[in-house]
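Chain by chain, the residues:
Protein chains: 2
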Amino acid sequence: MKTIRVVSYGVGVIGRRIAEHLLSKEGVEIVGAIDIDPNKVGKDLGELLGRQPIGVVVSDDVDDVLSSTKPDIIVHSTMSYLKDTYPQFEGILKHGVDTISTCEELSFPYATEEGKAYAEKLDKVAKENGATLLGTGINPGFLMDTLPLLLTGVCVEVRRIEVVRQMDAATRRIPFQKKIGAGLTVEEFKRKIEGGEITGHVGLVQSIGMIADTLGWVLDRIEVEPVEPVVLDRDVRSDYVEVPKGYNAGLRQKAHGIMDGEKVITLDFRAYIGAEEEYDSVTIDGVPPIHQKISPCVHGDYGTVGVITNMIPRVIEAEPGLKTMRDLPLIHATPVHMGRYLG
Amino acid sequence: MKTIRVVSYGVGVIGRRIAEHLLSKEGVEIVGAIDIDPNKVGKDLGELLGRQPIGVVVSDDVDDVLSSTKPDIIVHSTMSYLKDTYPQFEGILKHGVDTISTCEELSFPYATEEGKAYAEKLDKVAKENGATLLGTGINPGFLMDTLPLLLTGVCVEVRRIEVVRQMDAATRRIPFQKKIGAGLTVEEFKRKIEGGEITGHVGLVQSIGMIADTLGWVLDRIEVEPVEPVVLDRDVRSDYVEVPKGYNAGLRQKAHGIMDGEKVITLDFRAYIGAEEEYDSVTIDGVPPIHQKISPCVHGDYGTVGVITNMIPRVIEAEPGLKTMRDLPLIHATPVHMGRYLG
Chain A
1 MKTIRVVSYG
11 VGVIGRRIAE
21 HLLSKEGVEI
31 VGAIDIDPNK
41 VGKDLGELLG
51 RQPIGVVVSD
61 DVDDVLSSTK
71 PDIIVHSTMS
81 YLKDTYPQFE
91 GILKHGVDTI
101 STCEELSFPY
111 ATEEGKAYAE
121 KLDKVAKENG
131 ATLLGTGINP
141 GFLMDTLPLL
151 LTGVCVEVRR
161 IEVVRQMDAA
171 TRRIPFQKKI
181 GAGLTVEEFK
191 RKIEGGEITG
201 HVGLVQSIGM
211 IADTLGWVLD
221 RIEVEPVEPV
231 VLDRDVRSDY
241 VEVPKGYNAG
251 LRQKAHGIMD
261 GEKVITLDFR
271 AYIGAEEEYD
281 SVTIDGVPPI
291 HQKISPCVHG
301 DYGTVGVITN
311 MIPRVIEAEP
321 GLKTMRDLPL
331 IHATPVHMGR
341 YLG
Chain B
1001 MKTIRVVSYG
1011 VGVIGRRIAE
1021 HLLSKEGVEI
1031 VGAIDIDPNK
1041 VGKDLGELLG
1051 RQPIGVVVSD
1061 DVDDVLSSTK
1071 PDIIVHSTMS
1081 YLKDTYPQFE
1091 GILKHGVDTI
1101 STCEELSFPY
1111 ATEEGKAYAE
1121 KLDKVAKENG
1131 ATLLGTGINP
1141 GFLMDTLPLL
1151 LTGVCVEVRR
1161 IEVVRQMDAA
1171 TRRIPFQKKI
1181 GAGLTVEEFK
1191 RKIEGGEITG
1201 HVGLVQSIGM
1211 IADTLGWVLD
1221 RIEVEPVEPV
1231 VLDRDVRSDY
1241 VEVPKGYNAG
1251 LRQKAHGIMD
1261 GEKVITLDFR
1271 AYIGAEEEYD
1281 SVTIDGVPPI
1291 HQKISPCVHG
1301 DYGTVGVITN
1311 MIPRVIEAEP
1321 GLKTMRDLPL
1331 IHATPVHMGR
1341 YLG
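Chains A and B are the protein sequences, given in the same order. Going by the working numbering, the first sequence wraps up at 343, each residue one higher than the last. Going by the working numbering, the second sequence wraps up at 1343, each residue one higher than the last.
Next up, chain A with everything else stripped away, as it sits in the complex (with noise of 0.2 angstroms):
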C-alpha cells in the first residue's frame, strides 16, 4: 500500500489539528511545512503540536519546500477569502501537486462574480499541471450543502431547503467564544460588527451557491442578513465568561437563496453560551418530505480535521482541476491505514 506524503500549508489551530491526526494514520506522512509566521519558522512542526520533534522544519519558502519535498498533496489552512488565497494557489498549483484547503470561498467559488473568476483561474492553472483542488470543511463543505443535497437524492420532487447549526459556544474553543462576542454589550457587539472586528459566519453564500447550482435553480439573488446578537432572558456562562441576563452571549445569521421571490434555500448559523440544545437540522419541503437532524451537532473542530482527512485520498484520485465536494465521490471516514485505495 501507498505511504501518503503530506505537506501542511498554515499551522494555525485547525492547521495543527489537522497534522496531529494525520500522525496518528497510517500510510500518511508529514513531509514538509510552511507558514509565514516568524514565530513558527524554523522549529520543528513536532515542537509545535507539543510533542518530540518530527524532523520536519517549518518553512516559509514554499517553492523550496515543494521542490525538495515532492508531496502527493498539500493540506491548505491559512485564510477565509480568495482574495486572500488565491495567490497562495497559484504558488502551489505550478508545482503541480493536488491541494486540499479549508478557505471557505474556495468550497463553492461559482457562488458569486468575484470568486467564479477566481475560479476559472484556478482550474486553469490547476489542469495544465496536472493538478486538483479541492475546498471544502464542516461548514461550508459538509452540514449545509454537501448533507442536504445528498438528502435531497430521495426526493422525486424538492420546493424549499432549510439547513440549522446551532451549537452551544460554551463547548467551544476560547477564541471562538471571543469570536462570536459573547459577553459583550449589546453596544459593544454592534459596534464590533460594524468596525468588522466580529464577522459572521463565512461559507454560507457558497454553501447556497452550491445547492442552488446542483438542483438547477437560477437563483434571483443570495440574501444575507445582517449578523444579530442573541441575547437571552437569563444569566448563561461558559469555563471562559459570564454572560448575564440581556449581554449577548453570541451571534445568528440566516441567508438565503431566492428564485422567483421565494427564499427557496435558508440557512441559520446560531452560536451562542447558554443554547439549550446543539443539533444541526435538514429539513426539504418535497416529495417526500425530509425531517432530519443530527443532536447534538457536529463538533466544528473534530468535523473539519475529519471532512479534510477524510477527503485526501479522494483529491488524490481525482482528474486535475478545482473540484468541489458535489463533484467527487462519496465521502466517507478513512481505513485507518489511508494508502489503501492508492496504488
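Keep in mind that the hints were calculated from the coordinates and are not lab data. Backbone N, C-alpha and C fix where the C-beta goes; we use that ideal spot for every residue, glycine too. One thing to keep in mind: the hints can contain errors.
[Claimed, not checked] Listed below are the simulated DSS-like cross-link pairs for lysine-lysine, each with C-alpha atoms no more than 30 angstroms apart in a straight line:
1. K2(A) to K1116(B)
2. K1293(B) to K263(A)
3. K70(A) to K40(A)
4. K2(A) to K1121(B)
5. K1127(B) to K2(A)
6. K1263(B) to K1192(B)
7. K121(A) to K1002(B)
8. K70(A) to K121(A)
9. K1293(B) to K293(A)
10. K2(A) to K1124(B)
11. K293(A) to K1263(B)
12. K1254(B) to K1192(B)
13. K25(A) to K1263(B)
14. K127(A) to K1127(B)
15. K1254(B) to K293(A)
16. K179(A) to K190(A)
17. K1245(B) to K116(A)
18. K263(A) to K1025(B)
19. K1293(B) to K254(A)
20. K1245(B) to K1178(B)
21. K1179(B) to K1190(B)
22. K83(A) to K43(A)
23. K245(A) to K190(A)
24. K124(A) to K94(A)
25. K1002(B) to K127(A)
26. K124(A) to K1002(B)
27. K179(A) to K94(A)
28. K1190(B) to K1245(B)
[Stated by the list, open to error] Footprint (simulated), chain B over chain A, 3 or more residues, beta carbon under 8 angstroms:
29. 153-161
30. 205-218
31. 279-288
32. 294-301
33. 320-330
Following the hints, put chain B in place on chain A, whose structure we already have.
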C-alpha cells in the same frame, strides 16, 4: 440540452411508479418497455399506468426492443436476487446499454462469495460493451449504506455503526402489509417464515458489506438474525387489517457485521402496524459521535423512485463497469430537466 431515452425493464409496482415519475420530468423520454407478464405484453405502457396511451407497447423481446430503440439507459426493476437477474443483465449489457436496477443484491454484490462471482462477470461484460451497471434504491442503496457512510465522513475515528429503520406498516401499500404477515397469529407467521412465503428484508447483507469494505473493515462474518414477529400489548389496525393484541403486527430483522468478535455494524429493520414512531436513524460510535435521525422515516416507495431517477444522469456519465453507490459522485435531486448535466 440532451433528452435521455429510457427503456423500462419490468413493469411491476415499482417499475410503474418510476415510469410514472419519469413521464412527469422534462429531458427524459420512455422509448420502450419490457416485461414477461403475458397480461402486460402487447399493452401500451400509458394504459398500464392508468393514463392515455403513450405509444410505447410492452414487449417480451429484449433484443428487439433494445436494437430498435437504442436507449441511453435501462431502468430495470424485476427481482431481488442475482441468480434471477443475472441472465437479464447479461442480455442487456451485450447491447452496451447503461443500466440502473432495483435488484437488491446488485447494490453491493461483493458482500457474498456467490455475489462476488456474479460481480466479476457483470463487470467484465459491462466493460467489454462500454456499459455502466448500478444497483440501488432507498434500501439497500441509500438509508443503510450510502447515508451512514457519508456521515462517517466527518469522523476522525469510527468504532461502531448502528442503523435503524422503523416503519408503521399501516401507512404502506396492502401488498407490503401482507408481505410482513400483519394480522397472522404468531404460529401462522412462523410457518410462513419456514415455508419461505414471508422473507425478511433483502439487502441487509449488501449494506453491511458496502459499509465494511468502504471503511476498510475486514469482517469475520456477516450475521443475519432470523426474522422475528412483532407482537404488541394492544390492538392495532390499518385500513387493510386488524391486529388484535397478541397477534403478529409485522416483522423485525437485525443483521450484524462482526469484526474481531465484536458487532461493529448493526442494521435493525422493523416494519409493523402500530409503530409509535416512524424513523430512520444512524448512530456512529466514533470521534465525534454522531446521532442522526430522519423522522418520519423516508417513505420507501417515493424513496426508491427518487434514488433511481436521481442516479440516472450519474450512471450515464460514469465510466463503463459495475458500479456501486460509493463509487459514484454524490447523489442529489435532479433538476426538472434531467438532461441538464448531459451533453
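Now the hints, each set against the structure:
1. K2(A) to K1116(B): 25 angstroms, holds
2. K1293(B) to K263(A): 25 angstroms, holds
3. K70(A) to K40(A): Given pair K70(A), K40(A) holds - Cα atoms ~22 angstroms apart, limit 30 angstroms.
4. K2(A) to K1121(B): 28 angstroms, holds
5. K1127(B) to K2(A): 27 angstroms, holds
6. K1263(B) to K1192(B): 29 angstroms, holds
7. K121(A) to K1002(B): Judged against 30 angstroms, a Cα distance of about 28 angstroms means the pair holds.
8. K70(A) to K121(A): 23 angstroms, holds
9. K1293(B) to K293(A): 5 angstroms, holds
10. K2(A) to K1124(B): 27 angstroms, holds
11. K293(A) to K1263(B): Given pair K293(A), K1263(B) holds - Cα atoms ~25 angstroms apart, limit 30 angstroms.
12. K1254(B) to K1192(B): Holds: K1254(B) and K1192(B) sit about 19 angstroms apart, inside 30 angstroms.
13. K25(A) to K1263(B): Roughly 23 angstroms between the alpha carbons, so the hint for K25(A) and K1263(B) holds.
14. K127(A) to K1127(B): Holds: K127(A) and K1127(B) sit about 27 angstroms apart, inside 30 angstroms.
15. K1254(B) to K293(A): 24 angstroms, holds
16. K179(A) to K190(A): 13 angstroms, holds
17. K1245(B) to K116(A): 63 angstroms, violated
18. K263(A) to K1025(B): 23 angstroms, holds
19. K1293(B) to K254(A): Holds, at roughly 24 angstroms.
20. K1245(B) to K1178(B): Within the cut-off at roughly 18 angstroms; holds.
21. K1179(B) to K1190(B): With a Cα-Cα distance of about 13 angstroms, the restraint between K1179(B) and K1190(B) holds, given a limit of 30 angstroms.
22. K83(A) to K43(A): It holds: about 28 angstroms lies between the C-alpha atoms, which stays within 30 angstroms.
23. K245(A) to K190(A): With Cα atoms ~17 angstroms apart, K245(A) and K190(A) stay inside 30 angstroms; holds.
24. K124(A) to K94(A): Holds. K124(A) to K94(A) sits at ~11 angstroms (cutoff 30 angstroms).
25. K1002(B) to K127(A): Within the cut-off at roughly 27 angstroms; holds.
26. K124(A) to K1002(B): 27 angstroms, holds
27. K179(A) to K94(A): 35 angstroms, violated
28. K1190(B) to K1245(B): Since the Cα atoms of K1190(B) and K1245(B) sit roughly 17 angstroms apart, the hinted pair holds (cutoff 30 angstroms).
29. 153-161: holds (count 6)
30. 205-218: holds (count 4)
31. 279-288: holds (count 3)
32. 294-301: holds (count 5)
33. 320-330: It holds, with 6 qualifying residues against the three required.
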